[in-house]
Every structure is written in structure tokens, then in C-alpha cells.
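Q: Residues per chain are reported as follows:
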Amino acid sequence: MNRYIERNISWLFPLPAAIFILSMMAFPITYTVWVSLTDWSMASSGSVKFIGLQNYIDLFSDDRFYNSVKLTIYFTVLAVGVETVLGVAIALILNREFQGKGLVKGILLLPMVATPVAIGLAWTLFYEPTIGLGNYALQLLGMAPSKWLASNTAVIPSLALVDIWEWTPMVTLIVLAGLASLPNEPYEAALVDGASEWQIFRYITLPLLFPTIMIAVVLRGIDAFKTFDIIYTMTAGGPGFASETLNIYAYNLAFGYFKFGAASSALVALLALVLGSSLIVLWIRRSWEQ
Amino acid sequence: MKSLVKRGLMFAGALVLAAAVAGCGSSGQKAADGQKFAGQTIRFVASNHTYTDAIKPLIPEFEKKTGIKVNMESYFEDQLTQKLTVEFTSKSSTIDVFMTRPLQEGRLFTKNNWYQPLNTYLSDSQKTPADWKWNDFQKSAVDATTLKGNVYAVPIVTEWQTLFYRKDLFEQAGLTPPKTLEELEAAAKKLHNPSAGMYGIVSRGQRGAAVTQFSSYLYGHGGDFLKDGKCVLDSPQAVQAIQYYGRILHDYGPPGVTNMSWPQAQALMASGKVAMWTDASTLLPGLLDPQKSKVADKVGLAMFPAGPAGQHPFMVVPWAVAVSNQSKNKDAAWEFVKWMSSEEVMKKAQLAGNTTTRNAIWSAQAVLAKLHPGMADIAKQTGGIAVPYDRPVMTAVVEARDAIGDVIVKSIESGGKADIASLAKEATAKVNELLSKSGELSQ
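Which chain is which? The protein sequence lines are A and B, in order. The first sequence begins at 1 in the numbering used here and counts up one residue at a time. The second sequence begins at 1 in the numbering used here and counts up one residue at a time.
None of these hints come from the bench; they were simulated from the model. Keep in mind that a hint or two might mislead.
[Stated by the list, open to error] Computed list of lysine to any residue pairs in SDA-like fashion (alpha-carbon distance at most 20 Å, straight line): (1) B:K292 x A:L176; (2) B:K292 x A:P211; (3) B:K139 x B:K292; (4) B:K273 x A:G134.
[Unchecked claim] Derived, one-sided and incomplete: chain B residues facing chain A with beta-carbon distance under 8 Å: (5) D251; (6) L268; (7) S271; (8) G272; (9) P308; (10) K410.
[Unchecked claim] Cβ-Cβ distance ranges computed for the label pairs, FRET-style: (11) B:S92 x A:R96: 51 to 61 Å; (12) A:F20 x B:K91: 52 to 62 Å; (13) B:E426 x A:L282: 39 to 49 Å; (14) B:A364 x A:M24: 54 to 64 Å; (15) B:S92 x A:L12: 32 to 42 Å.
Built from N, CA and C at the ideal position, the CB exists for glycine as well.
Take the sequences, apply the hints, and build the full model.
A: Structure representation (C-alpha cells):
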């Protein structure tokens with residue numbers, strides 16, 4: 001037995017990982033691509049037929065698809081952009097020594113631990129224009145009330161705010177880890193040369209931290225692209241289609257209209273979008289390092 | 001030796017079996033009748049509905065009477081449709097009985113053969129004794145669950161569009177409940193006072209959800225969703241109705257109405273923020289419950305007002321109960337369906353706030369005396385003039401509702417001032433395309 005393992009170790013050890021990847025990643029993706037080439041739908045007559053690229057042709061001539069791609073990108077850029085700036089700022093503050101640091105760190109992590117659906121429901125109450133806290137807060141600040149989720153211009157920023165509230169701590173965590181691994185020497189040298197705080201941040205901390213920040217952006221970006229839970233519980237894509245992101249659109253196609261073929265093609269498009277933008281960000285990171 | 005033991009055991013087994021069979025024969029026909037399916041277990045998938053709430057505590061009685069064990073689970077309506085679709089598509093579903101929405105799912109599920117056709121069950125006096133009184137069900141309700149002569153589900157509740165209003169506010173303002181849509185708008189205008197936190201009227205404004213509660217406004221203006229197998233949402237009457245609906249909700253409605261389905265609208269009405277609400281009659285119990293409603297003693301009920309083309313509120317069967325075609329215990333499942341829609345159980349459900357489908361219940365004085373004032377009259381009058389659907393009845397109804405709902409949302413956002421005629425034209429083209437894809441469009 002031992003000898004058998006010894007001899008076949010080269011493929012025995014990676015076997016669990018290989019099985020996992022095949023069954024949990026390769027198979028679902030291949031299957032989705034296959035379904036996206038068929039007309040599988042509960043609502044149309046007849047059996048499932050192979051129809052080539054027809055679903056994609058339909059998709060690319062569908063206004064709702066373009067609308068959803070636009071909204072997905074808008075939501076992602078807005079949410080991840082603010083999260084990155086805020087997250088880095090908070091990490092820099094937390095990197096200093098002060099009393100009660102542990103407590104602040106703990107409190108900061110709380111939003112991440114909460115259940116997204118519960119978060120969605122709580123924020124929906126907050127945003128309710130008549131009885132919600134949101135407009136009350138605006139009033140206290142002397143600002144005009146907003147319709148929040150019911151306005152087709154404010155709905156995406158309102159949803160992004162929830163995402164920012166929930167996920168900024170994650171960026172902070174990643175950046176904190178990056179900060180802890182920075183070498184001391186450049187800082188000592190800069191201090192000796194009489195650099196100001198801003199100069200130290202701008203010319204030492206930021207460049208050294210950049211690869212870490214990019215990792216945070218990629219991780220958050222992928223998540224934000226496929227945000228589903230909070231949008232579904234708070235607006236279900238409304239008002240009208242003003243917050244129907246690509247993932248919500250695919251969901252409506254699959255479980256609202258039961259058009260599984262069309263839904264799969266939308267999901268393949270989403271996958272391409274996520275993959276493409278991750279590659280771009282990683283490419284930026286690599287060209288930065290060179 | 002071994003084989004001797006084996007043979008002995010087999011003999012003993014045969015003896016026990018014979019005794020059991022003999023015992024069955026001698027213990028009388030009566031127990032066998034009621035307990036024909038004793039020991040079977042059925043899985044019942046329900047929706048979260050007041051009817052379900054009413055019968056849930058009664059299920060142990062059914063189990064005791066028949067010996068059938070009932071496993072029940074319940075979901076919100078959209079999740080229920082998904083659950084059923086996913087399970088039935090997998091073709092290995094263990095669902096025996098399920099609640100279904102005839103207008104929403106009827107055609108889709110029939111097309112996929114997910115309902116057990118009930119005609120053979122209903123006509124067989126062994127399976128359906130005459131004293132269950134199938135002929136006591138309202139004819140319009142039975143029509144709603146019949147497709148091409150085939151009954152696919154037993155209708156259990158009805159609902160119709162009605163006007164909920166605040167009696168106290170109407171009295172203060174010297175108003176009577178509006179009889180026409182013109183009066184409805186005037187009343188909404190008079191009672192609308194946003195600075196005091198009071199809004200004139202609310203109705204659903206959320207994309208797909210709005211379509212059903214808009215339907216009575218549409219019919220009142222002389223419009224319709226489909227006519228002769230084609231979408232007619234671009235007719236001048238329909239455009240007028242969409243503009244009207246958008247205008248009153250924009251001018252006299254609460255902010256955020258485009259994100260409201262019935263739970264949000266009901267919450268506003270119950271918290272005393274709106275003077276009028278048009279929605280389905282089945283939502284009344286939520287307004288009358290003093291635990292949930294600040295206005296429990298102030299809610300009045302009126303018929304849905306008449307439009308320029310007359311008074312045409314919808315009256316539909318929102319829920320029916322069906323036997324799954326994939327069920328392995330269809331006869332036991334049918335026993336449960338019969339029990340659930342029996343006069344005795346239905347009466348209890350009606351007393352718990354449901355509006356049910358048996359004629360006998362609507363003429364029983366004991367039941368009528370306990371209804372909200374005006375309810376029985378309104379039900380009767382509405383029944384006489386009602387339109388039996390509240391959405392375009394077609395296979396791709398969800399997608400069609402989204403297309404139509406989007407026009408309604410845009411009308412509410414613009415107060416009816418957007419170019420509704422061309423938006424309606426686009427939606428009409430979309431709906432016709434869907435009809436054509438499922439082979440339902442007439443040329």
C-alpha cells in the first residue's frame with residue numbers, strides 16, 4: 001500500500017483538487033455554455049433544440065441586456081471605487097497606535113458578518129421615503145428628501161451605498177495585512193531626509209501598497225459584478241428596470257421567464273465581463289511592478 | 001438444517017399474512033372506507049396565504065381521520081413557482097399536492113403536463129362522493145381552473161379589486177366613497193396633504209406587480225390586455241388608462257410608489273399615511289388586525305369605481321390546489337385536496353378572512369354575519385359585473401407583465417406626461433412577440 005502511494009504520488013496528491021475543480025467548476029461552466037446554445041425554455045412549445053449562437057444574437061439585440069451591462073459596470077465602479085479609497089484611508093488610521101484600537105477593529109468588521117438579506121431588508125426600511133430614517137437624516141442636514149430606491153437616478157447609488165457599508169471593511173483588512181508586511185527601511189531613510197507625512201504616503205506607502213490594493217480591487221470587483229442578494233431583496237431590479245444588473249437580468253430570464261437557454265447566454269456574458277475586467281486589473285498590476 | 005429453518009420461517013410468515021388478510025375482511029367495511037390510504041405520506045407544498053394559515057391547525061384532524069400523514073411546507077408566491085418549476089423539471093419530484101395560481105401558472109404548467117388532470121377523479125363516484133358537492137363551486141371559479149374542458153385544479157379562493165378607504169377622513173371632508181374614477185381622483189386630490197404626512201391614494205407601482213391592480217382601471221377605460229389573441233395595450237383607451245393611473249399616483253400618491261407591491265402599500269395604509277388604496281379584497285384582514293394596523297376601526301370598503309367605459313373590476317381565482325402528475329400517491333393526494341376544499345374546512349377558512357369559492361358558504365347566515373360590513377354585498381355585486389382575469393392570460397405571462405409594467409412605471413414617474421402612446425406600442429410589440437413564440441398569437 002505504502003509503496004503504491006509512493007510510486008503514484010505524483011497524481012494521487014493532486015487528485016482531490018482535480019476532482020473538485022472538474023465537478024465544481026469545469027462541469028458547471030461547460031454545461032452552462034452548452035445550455036446557452038439551446039432553446040431550452042418552459043414557455044415555448046416543443047423539445048430542447050440546439051440553436052447555435054441564436055441566444056447570443058438575441059442577447060446582443062436586446063435593450064435590457066445593454067441596460068443591465070451599463071448598470072452592472074456603474075454599480076461596480078461606484079461601489080468598488082469608494083470602497084477602495086475609504087478602505088485604504090481607514091487602514092492607514094488603524095495602522096497607527098491608539099487606545100481602543102482592538103475595539104474599533106472589531107466594530108468595523110461587524111457589517112461583513114451580517115446576513116446580506118437581513119441587511120437588504122434593514123436598508124429598505126431606512127430608505128422608505130415616507131417613514132424611513134434616510135429622509136429624516138437628510139432633513140436634519142437641511143437637504144431635500146430623496147426617493148432613494150424608487151428614483152431611477154438614485155437607485156444605483158443607494159444600492160452602492162449598502163455595498164460600501166458592508167464591504168469597505170474587507171478592503172481595510174486586506175490593506176492592513178499589506179501594511180504590516182511593508183519594510184521599515186524606506187521610512188527611516190525618508191525621515192532622515194526630512195520628508196513630510198504626505199510625501200512619505202505619496203512616494204513610499206502608496207507605491208509599496210499598490211499591488212495589495214489591486215488585489216483588493218480584483219476581489220471586491222468580482223463580488224460587486226455579481227451582487228445579487230441585496231439588489232434582489234431591495235428592488236428586484238426596479239423601479240422599472242433601473243437597477244436590473246446583469247445577474248438580476250439572468251435570474252429573471254431563468255426563474256421568472258423560465259428561459260434557461262437565454263439565461264445561460266447572459267451568464268456566459270457576465271462571466272466574460274468579470275474575467276475580462278479582472279485580467280485588465282491584473283495586467284495593470286503587473287505592468288506597475290515591472 | 002439451514003434450509004429447514006428457512007422453510008419454517010417462510011411458513012410462519014405465510015400464516016401471519018393469511019391472518020392479516022382474514023382480519024381485514026372481518027373487521028368491518030367502515031374502517032376500511034375512511035382509512036383506505038392509511039400509512040401513506042403525502043407532501044403538500046403551499047403558499048404563504050391566509051387560507052394556508054387557516055387550515056394548517058386542522059391538518060391533524062385529517063391525518064387522524066384518514067391515517068394519511070401530511071408533510072407541509074410553505075413559500076412566498078414567487079419562490080413557490082420557482083420551487084415547483086425546478087422540482088417538476090427534474091422529473092423526480094416528491095410533491096403530491098401543491099397550491100397553484102391559475103392565471104399565472106395555469107398555461108405554463110399545463111403545457112408541461114405538471115398537473116394531474118382531475119376530470120376522471122371528479123366523475124368517479126368512488127373517488128369523489130356526491131356529498132362533497134363539486135357542483136356547489138362557483139361556476140366562474142371552476143372556469144378559471146379549466147383549460148380545454150379539463151379541470152386541472154380545485155379553486156379555493158377568489159379575490160377582486162376593491163377600494164379601501166378611511167371612513168374618518170371621508171367623513172371629516174364631507175365625502176362619500178367615489179362611484180367613478182373622476183370622483184376617485186377628486187377625492188384623492190382633496191385628501192392629499194403631504195406636509196401633514198397624508199397621501200391621497202396608493203396602488204401598486206412596482207413593475208410586474210402593478211399590472212394586476214392596474215387591470216380594473218384599464219377595463220374601466222374600455223381597454224384590455226389581449227383581444228382575439230393579440231395584444232391591444234396600444235389602443236387609445238388603454239393609453240388613456242395608463243396615463244390616468246400614472247397621473248393619480250404621481251400627483252396624489254406617496255413618494256416611492258414605483259417600488260411598491262402590496263406589502264408596502266398595505267403597510268402605508270395600515271400606518272395611517274394614505275386615505276385610499278385600490279388592491280385585492282383578500283388584503284383586508286391585514287388592515288383590520290389591530291396588532292398590525294393603526295386604522296383597524298376606520299377602514300371602509302367600497303366597490304371599485306366606474307371608468308368612462310363602465311364599472312369593470314376584475315374578479316379572479318388567485319389560488320387553487322392541484323395534484324402533481326408526478327405524484328406516486330395520487331389517490332391519497334386527491335383525498336387531501338377534497339378535504340382541503342370541503343365545505344366544512346372552507347367555512348373555517350372563510351371565517352378566518354378568506355373569500356372562498358363555494359356558493360353554500362356565501363349564503364350561510366352564520367358566515368355572512370361575521371363578515372366586514374359591506375363585504376358580502378360588494379362580493380355579490382362585483383361578481384355580477386367582473387372581468388375574470390387581471391393580467392394577460394398567456395404562457396409567458398411573467399415576461400409580458402414586466403413589459404407592460406415598465407410602461408406603467410414610466411407613466412407614474414412622469415405623472416402620465418411621458419409619450420405613453422409610443423411606450424405602449426413598444427410593449428404591445430413585445431407581448432405579441434411572446435405570444436408568437438409560444439404559438440398563441442392569432443394572425
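Q: Confirm or reject each hint.
A: Taking the hints in turn, this is what the structure says about them:
1. Taking the CA atoms of K292 of chain B and L176 of chain A, the gap is near 47 Å; set against the 20 Å cutoff, the hint is violated.
2. The hinted pair formed by K292 of chain B and P211 of chain A fails the criterion: a straight-line CA distance of about 54 Å is larger than 20 Å.
3. With a C-alpha separation of about 35 Å, the suggested pair K139 of chain B and K292 of chain B falls outside the 20 Å cut-off, and the hint is violated.
4. Taking the CA atoms of K273 of chain B and G134 of chain A, the gap is near 18 Å; set against the 20 Å cutoff, the hint holds.
5. Hint on D251 of chain B is violated. Least Cβ distance to chain A is approximately 15 Å, over the 8 Å limit.
6. For L268 of chain B, the interface hint holds, since its Cβ comes within 8 Å of a Cβ in chain A; the closest pair sits about 7 Å apart.
7. At a threshold of 8 Å, the smallest CB-CB gap from S271 of chain B to chain A is about 7 Å, leaving the interface hint in force.
8. A cut of 8 Å between beta carbons decides the hint on G272 of chain B: the least distance to chain A is about 11 Å, and the hint is violated.
9. For P308 of chain B, the interface hint is violated, the least distance from its beta-carbon to any beta-carbon of chain A being 27 Å, above 8 Å.
10. At its closest, the beta carbon of K410 of chain B sits 6 Å from a beta carbon of chain A; the interface hint therefore holds under the 8 Å criterion.
11. At about 60 Å, the CB distance of S92 of chain B to R96 of chain A agrees with the hint of 51 to 61 Å.
12. Between F20 of chain A and K91 of chain B the beta carbon distance is about 28 Å. The supplied range of 52 to 62 Å is therefore violated.
13. Distance hint for E426 of chain B and L282 of chain A: a CB-CB separation of about 41 Å, consistent with the stated range 39 to 49 Å.
14. In this structure the hint that A364 of chain B and M24 of chain A lie 54 to 64 Å apart at CB holds, the actual value being about 59 Å.
15. Range check, S92 of chain B to L12 of chain A: about 35 Å between beta-carbon atoms, so the 32 to 42 Å window is met.
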